[in-house]
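Enquirer: Chains as they are written, first to last, in my numbering: chain D, 1 to 111; chain P, 1001 to 1115.
Don't take every hint at face value.
For the chain P half of the interface with chain D, some residues (derived, Cβ under 7 Å), not all of them [said to hold, decoys possible]: (1) Leu1011; (2) Gln1041; (3) Pro1043; (4) Gly1056; (5) Phe1060; (6) Ala1087; (7) Thr1103; (8) Pro1108.
Simulated from the structure, these hints should not be mistaken for laboratory data. All C-beta atoms, glycine included, are put in the ideal place defined by N, C-alpha and C.
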Amino acid sequence: QKEVEQDPGPLSVPEGAIVSLNCTYSNSAFQYFMWYRQYSRKGPELLMYTYSSGNKEDGRFTAQVDKSSKYISLFIRDSQPSDSATYLCAMINTGGFKTIFGAGTRLFVKA
Amino acid sequence: ETGVTQSPTHLIKTRGQQVTLRCSSQSGHNTVSWYQQALGQGPQFIFQYYREEENGRGNFPPRFSGLQFPNYSSELNVNALELDDSALYLCASSLEASDSTDTQYFGPGTRLTVL
């Protein structure tokens, strides 16, 4: 079993839809949770970072962490064609240096 | 753009050969991490260098090695290439290794194909 599970999709939605992306994990030592966006032929770029449980909002993006369920989510409101990319969840242990990534979910937002 | 550059963009090698991939970090970033991203997968951590010393390694064999130089450049070397080494290799720089919450800035990657 992988430490981090993420549905690879693809996920196709119409412009303006609310998108929900999710990951589950097995290692209870993970404390730092991140979402990266990766466009084709580019490296990942950090979108959201959350420490421990709770919600964090940044513009159209909301990250949620539920440590009791070992489940994290990223919500994208009013999705745009420019949001079409692969979204990667990532996690780090407390005091750790190794970032563990999910497989990524490919998102297509249709105009 | 993140300010992290990688060269070459693409590379084709044959099984058994050796390869060196290069990365130029953001100025002032003392930490560089290398990742392997197979097609359709997330990046997998190879190792991390902090101030020219390796300070952490993932589940990769010793034929994967690295160097970090004082001028914020670094190298990933892979010996005895295997077909499964075909992937996108990413480097990421960050300020300090001691704080795992430091934002990592990724380069665009080097696409390695092993035939």
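Enquirer: So, for every hint listed, does it hold in this structure?
Expert: Hint check results:
{"no.": "1", "hint": "Leu1011", "in the structure": "15 Å, violated"}
{"no.": "2", "hint": "Gln1041", "in the structure": "5 Å, holds"}
{"no.": "3", "hint": "Pro1043", "in the structure": "5 Å, holds"}
{"no.": "4", "hint": "Gly1056", "in the structure": "4 Å, holds"}
{"no.": "5", "hint": "Phe1060", "in the structure": "12 Å, violated"}
{"no.": "6", "hint": "Ala1087", "in the structure": "13 Å, violated"}
{"no.": "7", "hint": "Thr1103", "in the structure": "5 Å, holds"}
{"no.": "8", "hint": "Pro1108", "in the structure": "5 Å, holds"}
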